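Assemble the complex: chain A is given as a structure, and chain B must be docked to it using the hints.
Chains as they are written, first to last, in numbering that gives the first Met the number 0: chain A, 0 to 511; chain B, 0 to 91.
Source of the hints: derived by calculation from the structure; they are not laboratory data. Since we're looking at a predicted model, the values are computed, not measured. It is possible that part of the hints are untrue.
Derived list of chain B stretches under chain A, where covered just means 3 residues or more per stretch with a C-beta under 8 Å from a C-beta of chain A [as the list claims (entries may be wrong)]: (1) 19–25; (2) 36–48; (3) 51–65; (4) 73–81.
Built from N, CA and C at the ideal position, the CB exists for glycine as well.
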Amino acid sequence: MRKLKGLPASPGYAIGEAFILKSGVVHLPQEKGDKARQQIQWAKRRLKEELEKEKEGEEGEIFFAHMLLLEDPEIWERVDAKLSEGATLGEALESTKQELVDLFNSLEDERFRSRADDIKDIFNRLLEILMGRDRDIPQGAIIVGEEILPSHIVSYEKWRPRAYISEGGSTFAHSSIIARAKGIPMVIACKGITNILRNGERLIVDGVRGDVIVNPSEKVLALYEERMRLAKEEEEEAFSKRHLQAITRSGLRVKVFANVGNLEEVEEAREMGAEGIGIFRTEFLLLEEDKALNKEEHLRIYEETAKIFYPLPVHIRLYDIGADKPIPFLDLPPEPNPALGLRGIRLLLEKREILLPQLMAVKEAHKKYPNISLILPMVSFPWEVEEIRRLAGDLPVGVMIETPASALIVSKMTQIADFLSIGTNDLLQYTLAVDRAGKDVGKLYDPSHPALWKLIGMVLRGANRKGKEAGICGEIAGEREFIPRLVNMGARHLSVSPRFIPLVKHLIRSLP
Amino acid sequence: MLRAKLKLTREDGLHARPAALLVSLVMKYPRLEVILEKDGKQARGNSLTAILTLQGEKGDVIEFRISGDDEERFWEELLQTIEGEVIQFEKT
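Chain A on its own, in the form it takes in the complex:
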């Protein structure tokens, strides 16, 4: 048993077998002796699983023959003999493959000769498995990589990985956020782990503490099985009560809203017990489009959302786009400091042709569905809000508090806004002057910094004093360690990814 320390990036526990992603230049596997033999057994098991599926399909007979080759003693005795002579795994496989291919090629009959292709195929697949090619990710593995990119997490979903471990990364990098949203435990900053681990090694991933336990003892395994059981029990209890309100034991109700990016998530949010849409991140509607939406397209989506949630509140956030979130059709010139540049409301006020169709659509949707309101991203000046208000008529307008400036003038903001939502991800970035995706400074992005909590406290107090609703959206609103503090400080709603809603409600109910 061996324990490796990393940083917790997505909570939860997993027990499973390691699968190591190799990036860049692939090298033939270098293991020797028994280590190599173990690797072969593992790779054969994996290939067998794939072949089991393939032999059910078209041309299944070919794969049936491949399965027999996997069990063929003539082949594996040759490999074994080479390993005994001191060859590396890669050399043993490559040279056996070549011998057998030569043997088949030497046969007179073309129909027998052509079987050389089958030999090549299974050896190549085994080598691919051993070298960690993407398509060979086993079902239910713990995926280990030098870096885990957001696209990895999305594209690996079909293999139902139990956990992710990366050498680099930051808790607030997008891959960590996606892992949390999908409920997959993740440990990051585990230096050197891809060299320490072998494919198929048994691991425990503790996404709560940031630990990776290699080849755990029975005792530790039992401890984690118990932890997983308790977590599952809590989750099931939370899920069964997801449509009930979240009221603390002293009788305070806290609403739990959803952050969504498209209609699919709106429906998921409803199903998970959301009491409204805290933030509709409308810029996500643009990801699949090569142009801004027109008014009718906006209107259809917002009306549908409002209908699904009627009469519960739906906050449509205007596009939060800019140089930091480049949108192809906008063709914005690069800025030296995009996070401090033309983004959010600043950009929209400059580019009315993008602002107006969206704003008019929200306004029109509000006439039909009064539960709709507007919320503005990246506000730092009161006039930015006033300018939108002038165009918005009687449409309620909320303000995202995500710059220290808007937090510090909360008393002014409560005069001109109908409600506030503290976007803690950006607020923390701007308060600490730390880029949350920054390679070297990412570790300084610490949401427990007192400066952030001082600002959150100011905003919540200021809003409650004026009787304006203020809530939290941002990663910390879904985190077990921060929820009690946020509720205690007066947050009236928490807005989180749909899948966190049941647990967030459950945690609120357990508060004094």
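Just chain B now, kept in the frame of chain A:
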């Protein structure tokens, strides 16, 4: 021990498909040793590569040496699987 000679009568002799069927049959009998011989060349019954390299064609005669549990039951199943004309059969 069971010794038998079989003349291959299938069009596809001991090509991919019948060879694979034969190997999977042998694998069903883990307590049985099966050796094939053709023109002085031997092959283990559980090795697809070895059997394929015998290059058994229609009309070739293969000698089988079978020893272990359930020899006869295996032989009967084998006849149904790869077919052929039994030209010699002895049990010792």
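The hints, checked one at a time:
Counting residues of the segment 19–25 of chain B whose CB lies closer than 8 Å to any CB of chain A gives 3, which reaches the minimum of 3, so the coverage claim holds. Counting residues of the segment 36–48 of chain B whose C-beta lies closer than 8 Å to any C-beta of chain A gives 5; at least three are required, and the coverage claim holds. Judged by the Cβ-Cβ criterion of 8 Å, the segment 51–65 of chain B is covered by chain A as claimed, because 4 of its residues qualify and three suffice. Figure legend: the segment 73–81 of chain B, annotated as covered by chain A; annotation inconsistent (0 residues with Cβ-Cβ distances under 8 Å, at least 3 required).
When each numbered hint is compared with the structure, a violation occurs for hint 4 only.
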